[in-house]
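Number of protein chains: 2
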Amino acid sequence: VLDPLKRLIGVVSLRDLMAAEDDDLVQNVMVKEAITVFQDTDQEEVAKILETYDLLALPVVDQNRRLLGIVTFDDIIDVIREEQTEDIYKMSAVSASRATYLESSVFALMGRRIPWLIILLLAATITTNVIAGYRHVLEAAVVLAFFIPIVTGTGGNSGTQSATLMIRGLATGELRFQDVWRIVGKEVMVGLMIGVCLGILTVLRAMVLPPEVTFNEALAVGTAMCFVVIVATLVGALAPLIISRLGLDPTVMAGPLMATLIDVSGLTIYFETAKLLLKVM
Amino acid sequence: VLDPLKRLIGVVSLRDLMAAEDDDLVQNVMVKEAITVFQDTDQEEVAKILETYDLLALPVVDQNRRLLGIVTFDDIIDVIREEQTEDIYKMSAVSASRATYLESSVFALMGRRIPWLIILLLAATITTNVIAGYRHVLEAAVVLAFFIPIVTGTGGNSGTQSATLMIRGLATGELRFQDVWRIVGKEVMVGLMIGVCLGILTVLRAMVLPPEVTFNEALAVGTAMCFVVIVATLVGALAPLIISRLGLDPTVMAGPLMATLIDVSGLTIYFETAKLLLKVM
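So the sequence lines, in the order shown, correspond to chains A and B. FYI, the numbering for the first sequence is 1 to 281, going by this note's numbering. FYI, the numbering for the second sequence is 282 to 562, going by this note's numbering.
Okay, chain A solo, but in the shape it has when bound (with noise of 0.2 angstroms):
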């Protein structure tokens, strides 16, 4: 319903105008306070108001709240679908992009990963270097060479399951800034208990499974991976919270960030673990 000037009054629904008296005036029967979207909402805020509300459409207003269109629920489940191909590609370090597939050229897709590659190995560059720090470690006790993936992989997992419920936890507006102290106290427990048996597991299976080390090598490694979860879900919480909060969108910026701060910090444990456990100087 608009008044002469092509501002938005009202809104009647067709199930209120079936409802209504043959001689009901339209004023009547309308909804005054109706809920509108600006040309400029972002469509993920769009696709909120909708489904809190459980709307088939939402009126589309400029700043005078003349009426410039309509939203309604099949463009919003469209956009939800979009959204969620955007979060799990940028999750996973590819682009988006609106061809598919098998529509899409070979340089195209080429385009869509490489960027993001070439990040990840610069940033790579570092944990190279923390390796090469310990130099004299592995040249000692070559064994440990044979943890690093166990090590870097245990790690980079814990911290992306803790990133996850965060960046999760955020895009549906359940966590907040506000929250970071709760959380952490939560992370740091969950990460405690994680840690301690997957540490107790890691000796064992050194021990028990092949390739042969000593108790002393056994050990290093599992306290070892006791700290390196401790801290990696510790960095996954506060990664995405702390770039949520700098105004930036944690799901694109916690992957490559993460796995850099996870890898240095997880060698450093091991490696100075393993010198103390080891009796390397």
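Keep in mind that the hints were calculated from the coordinates and are not lab data. Bear in mind that the values here come from a model prediction, so they are computed numbers and not experimental data. There could be a bad hint or two in this list.
[Stated by the list, open to error] Derived Cβ-Cβ restraints for the label pairs, each shown as a range:
id, chain 1, residue 1, chain 2, residue 2, range
1, A, Val180, B, Leu283, 50 to 58 angstroms
2, A, Gly133, B, Gly454, 48 to 56 angstroms
3, B, Leu557, A, Ile126, 39 to 47 angstroms
4, A, Leu192, B, Pro492, 28 to 36 angstroms
5, A, Phe215, B, Leu557, 35 to 43 angstroms
[Unchecked claim] One-sided and incomplete, this derived list gives chain B residues near chain A with beta-carbon spacing under 7 angstroms:
id, residue
6, Lys287
7, Thr408
8, Ile412
9, Val418
10, Leu419
11, Thr433
12, Trp462
13, Lys467
[Unchecked claim] Taking lysine-lysine pairs in the DSBU-like style, the calculated list, with each CA pair at most 35 angstroms apart, reads:
id, chain 1, residue 1, chain 2, residue 2
14, B, Lys556, A, Lys6
15, A, Lys48, B, Lys329
16, A, Lys275, B, Lys329
17, A, Lys6, A, Lys48
18, A, Lys279, B, Lys556
19, A, Lys32, A, Lys6
20, A, Lys48, A, Lys32
21, B, Lys560, A, Lys279
We treat Cβ as the ideally placed atom computed from N, Cα and C, and that holds for glycine.
Dock chain B against chain A, hints included.
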């Protein structure tokens, strides 16, 4: 519209009802071939049908077409959100849960994460043994250990990118197993191009940035990187296709399987290339 046995014989929209003449029979206004779903239809499937036909609601019937209820678009929006969260969790190896993060106890959060971490940890045992098999190569050139995280990391990232494109393609119905040869062709091309670029970048990076390495060592890392990316891209693309062909869920299975396959093949390529170029027997 039901017959005397409560079987669905048609549907009438509010819009058609309003447009109808006052003396029309429902029979003449209704849509006879109504799209229906069964009570055991998967909710994701129901969402797809509602989306495809842009319907407001879908009747749910039993085997005899007796009406059991209706599903409306606002239920479906909730379903799409839920499935989205579930998919993202699965890809990050977190079990899904109806409880929100802040509501969940520390033990509940631990239970959602630790099973996956243990599976991934045990799978990584194979990787440890692959490296252990090249102990003499590592002893001859400890420098090779510095680049282990770069090799497994870049392999993992390329593989995840391919796998994500496949998993989304399969989920939206764009890709099917029949397209496997077209996909393999594309992925080999994309992998080759990305592999060559990253290989050259790795050699340059190894020559320019610390730690100091010989040209042959840099060449070994760069060459290996090139092959690792090609193999990882192919494994990443094929794993979800094969898993879904076997009737399993690629979102859950692709992660651990792929990570292990890529680490194992990547490190084997890496050490074999190094053996050849560094002339270690």
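Structure-based check of each hint:
no., hint, in the structure
1, A/Val180 <-> B/Leu283: 50 to 58 angstroms, "holds, 55 angstroms"
2, A/Gly133 <-> B/Gly454: 48 to 56 angstroms, "holds, 50 angstroms"
3, B/Leu557 <-> A/Ile126: 39 to 47 angstroms, "violated, 28 angstroms"
4, A/Leu192 <-> B/Pro492: 28 to 36 angstroms, "holds, 34 angstroms"
5, A/Phe215 <-> B/Leu557: 35 to 43 angstroms, "holds, 36 angstroms"
6, Lys287, "violated, 25 angstroms"
7, Thr408, "holds, 5 angstroms"
8, Ile412, "holds, 5 angstroms"
9, Val418, "violated, 10 angstroms"
10, Leu419, "holds, 5 angstroms"
11, Thr433, "holds, 5 angstroms"
12, Trp462, "violated, 12 angstroms"
13, Lys467, "holds, 6 angstroms"
14, B/Lys556 <-> A/Lys6, "violated, 77 angstroms"
15, A/Lys48 <-> B/Lys329, "holds, 20 angstroms"
16, A/Lys275 <-> B/Lys329, "violated, 57 angstroms"
17, A/Lys6 <-> A/Lys48, "holds, 26 angstroms"
18, A/Lys279 <-> B/Lys556, "holds, 31 angstroms"
19, A/Lys32 <-> A/Lys6, "holds, 15 angstroms"
20, A/Lys48 <-> A/Lys32, "holds, 21 angstroms"
21, B/Lys560 <-> A/Lys279, "holds, 33 angstroms"
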